[in-house]
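2 protein chains.
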Amino acid sequence: MAIFINEILMFINSRILCSLRCTLTNYIGKVFSKELYDFCVMLFEKAGLTKEDAEIVSDHLVTANLRGVDSHGAFVRVPHYLAAIKQGIINPKPKIKLVKDSPSICLIDGDNGFGPMVAMKATKLAIDKAKSNGIGIIGLKNTSHVGMLARYTLKIVEERLIGFAATSSPPIVVPWGGAKPIFGTNPFTIGFPVDEKTSIIVDMATSTVAAGKIAVYASKGEKIPSDWALDKHGKPTTDPKAFFDGGMLLPFGGYKGYSLCLSVEIFAGILVGAPFSFHIPKGWATQGGFIVEAINIEHFRPYDEYKRDVLELIQIIKSAPLAEGFKEILLPGEPEQREHLKRLNEGIPVYEDVWENIRKVAEEYNVPLPKLYK
Amino acid sequence: MAIFINEILMFINSRILCSLRCTLTNYIGKVFSKELYDFCVMLFEKAGLTKEDAEIVSDHLVTANLRGVDSHGAFVRVPHYLAAIKQGIINPKPKIKLVKDSPSICLIDGDNGFGPMVAMKATKLAIDKAKSNGIGIIGLKNTSHVGMLARYTLKIVEERLIGFAATSSPPIVVPWGGAKPIFGTNPFTIGFPVDEKTSIIVDMATSTVAAGKIAVYASKGEKIPSDWALDKHGKPTTDPKAFFDGGMLLPFGGYKGYSLCLSVEIFAGILVGAPFSFHIPKGWATQGGFIVEAINIEHFRPYDEYKRDVLELIQIIKSAPLAEGFKEILLPGEPEQREHLKRLNEGIPVYEDVWENIRKVAEEYNVPLPKLYK
Numbered sequence: 003m004a005i006f007i008n009e010i011l012m013f014i015n016s017r018i019l020c021s022l023r024c025t026l027t028n029y030i031g032k033v034f035s036k037e038l039y040d041f042c043v044m045l046f047e048k049a050g051l052t053k054e055d056a057e058i059v060s061d062h063l064v065t066a067n068l069r070g071v072d073s074h075g076a077f078v079r080v081p082h083y084l085a086a087i088k089q090g091i092i093n094p095k096p097k098i099k100l101v102k103d104s105p106s107i108c109l110i111d112g113d114n115g116f117g118p119m120v121a122m123k124a125t126k127l128a129i130d131k132a133k134s135n136g137i138g139i140i141g142l143k144n145t146s147h148v149g150m151l152a153r154y155t156l157k158i159v160e161e162r163l164i165g166f167a168a169t170s171s172p173p174i175v176v177p178w179g180g181a182k183p184i185f186g187t188n189p190f191t192i193g194f195p196v197d198e199k200t201s202i203i204v205d206m207a208t209s210t211v212a213a214g215k216i217a218v219y220a221s222k223g224e225k226i227p228s229d230w231a232l233d234k235h236g237k238p239t240t241d242p243k244a245f246f247d248g249g250m251l252l253p254f255g256g257y258k259g260y261s262l263c264l265s266v267e268i269f270a271g272i273l274v275g276a277p278f279s280f281h282i283p284k285g286w287a288t289q290g291g292f293i294v295e296a297i298n299i300e301h302f303r304p305y306d307e308y309k310r311d312v313l314e315l316i317q318i319i320k321s322a323p324l325a326e327g328f329k330e331i332l333l334p335g336e337p338e339q340r341e342h343l344k345r346l347n348e349g350i351p352v353y354e355d356v357w358e359n360i361r362k363v364a365e366e367y368n369v370p371l372p373k374l375y376k
Numbered sequence: 003m004a005i006f007i008n009e010i011l012m013f014i015n016s017r018i019l020c021s022l023r024c025t026l027t028n029y030i031g032k033v034f035s036k037e038l039y040d041f042c043v044m045l046f047e048k049a050g051l052t053k054e055d056a057e058i059v060s061d062h063l064v065t066a067n068l069r070g071v072d073s074h075g076a077f078v079r080v081p082h083y084l085a086a087i088k089q090g091i092i093n094p095k096p097k098i099k100l101v102k103d104s105p106s107i108c109l110i111d112g113d114n115g116f117g118p119m120v121a122m123k124a125t126k127l128a129i130d131k132a133k134s135n136g137i138g139i140i141g142l143k144n145t146s147h148v149g150m151l152a153r154y155t156l157k158i159v160e161e162r163l164i165g166f167a168a169t170s171s172p173p174i175v176v177p178w179g180g181a182k183p184i185f186g187t188n189p190f191t192i193g194f195p196v197d198e199k200t201s202i203i204v205d206m207a208t209s210t211v212a213a214g215k216i217a218v219y220a221s222k223g224e225k226i227p228s229d230w231a232l233d234k235h236g237k238p239t240t241d242p243k244a245f246f247d248g249g250m251l252l253p254f255g256g257y258k259g260y261s262l263c264l265s266v267e268i269f270a271g272i273l274v275g276a277p278f279s280f281h282i283p284k285g286w287a288t289q290g291g292f293i294v295e296a297i298n299i300e301h302f303r304p305y306d307e308y309k310r311d312v313l314e315l316i317q318i319i320k321s322a323p324l325a326e327g328f329k330e331i332l333l334p335g336e337p338e339q340r341e342h343l344k345r346l347n348e349g350i351p352v353y354e355d356v357w358e359n360i361r362k363v364a365e366e367y368n369v370p371l372p373k374l375y376k
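Just so you know, the protein sequences line up as chains A and B, in that order.
For the first sequence, the numbering used here assigns the number 3 to the initial residue and increments by one for each residue that follows.
For the second sequence, the numbering used here assigns the number 3 to the initial residue and increments by one for each residue that follows.
The hints are simulated quantities; they were obtained by calculation from the structure and are not laboratory data.
One should not assume that every hint holds.
Note that identical chains are pooled: a pair holds if it fits in a single copy or bridges any two copies.
Said to hold, decoys possible - Listed next, the in silico PhoX-like pairs over lysine-lysine satisfying Cα-Cα at most 25 Å (straight line): (1) Lys182 with Lys320; (2) Lys53 with Lys284; (3) Lys284 with Lys362; (4) Lys199 with Lys99; (5) Lys102 with Lys133; (6) Lys237 with Lys284; (7) Lys48 with Lys199; (8) Lys199 with Lys309; (9) Lys182 with Lys237; (10) Lys362 with Lys225; (11) Lys329 with Lys234; (12) Lys344 with Lys376; (13) Lys102 with Lys309.
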């Protein structure tokens, strides 16, 4: 049981909707990533994206599913993203502009293009600048939902660079001491390359949990810990219903998480000229600003020396005696990396409710559904 | 009482030794910052520092006292720092070397010089590079204790730049799931400039609390919360004595704090080629690596636009309804900023135990003590 709790903790963001789904709807089979990817590419091309852009967005969504981050994967997001194109929230053919550019910094206007595509372009530019000048830091405004942040640091560590990215998002989190949702869950990611098999990928919200996690408790009729949420009167609550009745999320780790949430708000939002989280409309496809940074290790020391030291540190961590209730010490991103390998081989699980939504868009866009394996 | 708890939380690092001192020893008067500064400069010059270096170190220590961060101030640190010079841990006349240099990045070898001095030189270099090229990121190895991290972001925000700094430190914190102290409290600071009167200064350890905080509980015979520490067997404990008997600190916010603690370990330690926290000798003057970053806001958008938005955000935060038990919503660094103004006018409180240590070094170095006001 103790290891289960640890696993759940490591997966708070990633497994949340999946857990909820396990509770609320039925497992009906699995699809394989390549077939899901092809399906998404066809859909997005029909929705007006270029082939290249459709491929980038599809790769992003399927990567999220493979890592177990189903809340940001194809099944959950595709119907909402397609609806957002129709509503004019996402521009399928954006004219991306470099607003300001210098050797290590650039500000991009994404023209409300697809988040996973414009944010990946920003990431590639950060990589190019880090390779040429040691560091690249790119701000992005006017973007739709950028998806799973780890996607960007995964790209950066592939190039043997250190990566960082953050984004501001619709309001649901209070400042420490306040009772009004002013901040988004304002997540960030940090990535350290190691070797072909290993990387360290931090990807966390600055709230204690996602709202979906509270939904899981609600569905089971269980109480939530007292440091997760406030009710609509600003009083800490253990009742999931009180959260959903106009309540708010607390930052993680008290005033420390608040400091980080506020820092993301300024760094990823205000610095790039995006609207405050407070003003971002709620929805599946909305986002504030985005910032991404890549750092060239070789500008400090030879990569092989860095790698040798990180591997030694990992060995020290992994061989430490265990605290009570734990069966293993995990690195940040390790559970998702394991899930990736598993789902690549065994397929991505599919649940009844999302499949029904996917079936509808497949019909509407006249694209054949990916095969469902039992 | 509720606001008192909030205040204590905001001051965990800063007030800790002061609180402990209030509990254990007697208040005997106060000194004024200018007189304390002059005293420190004279002492450090006699200990072999150049006048300029003595001034930088003294300014650092007195600034810590003014902000209420007495654990990193003159009374606590001066005797230990002087002892460290005698023991060869601090080199009073270091030959600082630029190991690697490029337009936005530099790696410095501090030759075991005084931390507050070599880290401030790194900070000034980061500022210069950010002014010229938009961003400056400086790594520092072979340094002694760098002191209060906020000192560096305070310097950076004075120049209307965004700042970040982090450092690795002697082992006392476990990885999430482990029962061996592998990391230091590995603190970091983030600074955002606003206007002449306001800045946002985050300065936090990545452990739940400092060990001194547990000492306060021990001195009062009170239990500690169960998420602060493990006993020597790796079992969460509420008994302060079990912590001091071979126990360890937990990272703040569970696995999220662990992710940050590990990130600081690699970014401020391994990247700059410093020893692991795990290998840093315990002591008042030891440190791992240090990294500092300055970012030029003007490379993204005009400073006045940024300032207007941050001021509006602060207004939104400050005018939010209050959560139960709070009387005010504070910005990160605001309590320290208020304490600074108060102590500048009213003096810095002095306690019997540290004054006795200061009296001894004043006698040894034949320097007149600063005047003690009742």
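To see whether the hints hold, each was checked on the structure:
1. For the identical chains of this complex, Lys182 and Lys320 are inter-copy neighbours only, at 11 Å across copies versus 41 Å inside a copy, given an alpha-carbon limit of 25 Å.
2. Neither within a single protomer nor between protomers do Lys53 and Lys284 lie at most 25 Å apart by alpha-carbon distance, with minima of 29 Å and 58 Å respectively.
3. Only within a single protomer do Lys284 and Lys362 lie at most 25 Å apart by alpha-carbon distance; the minimum there is 24 Å, versus 63 Å between protomers.
4. Neither within a single protomer nor between protomers do Lys199 and Lys99 lie at most 25 Å apart by alpha-carbon distance, with minima of 36 Å and 36 Å respectively.
5. Taking identical chains as interchangeable, the C-alpha atoms of Lys102 and Lys133 lie at most 25 Å apart whether they share a chain (19 Å) or sit on different chains (16 Å).
6. When the C-alpha separation of Lys237 and Lys284 is checked against a cutoff of 25 Å, the pair qualifies only within one copy, where the shortest distance is 23 Å, while the shortest distance between copies is 42 Å.
7. Within a single copy, Lys48 and Lys199 get their C-alpha atoms no closer than 37 Å, and across copies no closer than 54 Å, so neither meets the 25 Å cut-off.
8. For a Cα distance limit of 25 Å, the shortest separation of Lys199 from Lys309 inside one copy, 12 Å, qualifies, whereas the shortest one across copies, 44 Å, does not.
9. Taking the shortest alpha-carbon separations for Lys182 and Lys237, only the intra-copy value of 11 Å comes in at or below 25 Å, while the best inter-copy value is 37 Å.
10. Taking identical chains as interchangeable, the C-alpha atoms of Lys362 and Lys225 are never at most 25 Å apart, the minima being 36 Å within one chain and 58 Å between chains.
11. Taking the shortest Cα distances, Lys329 and Lys234 sit within 25 Å of each other only across copies (18 Å), while inside one copy they are farther apart (39 Å).
12. Proximity of Lys344 and Lys376 under a CA criterion of 25 Å is satisfied intra-copy only: 16 Å inside one chain copy versus 70 Å between copies.
13. Proximity of Lys102 and Lys309 under a CA criterion of 25 Å is satisfied inter-copy only: 19 Å between copies versus 35 Å inside one chain copy.
Hints 2, 4, 7, 10 from the list above are not met by this structure, while the remaining hints are.
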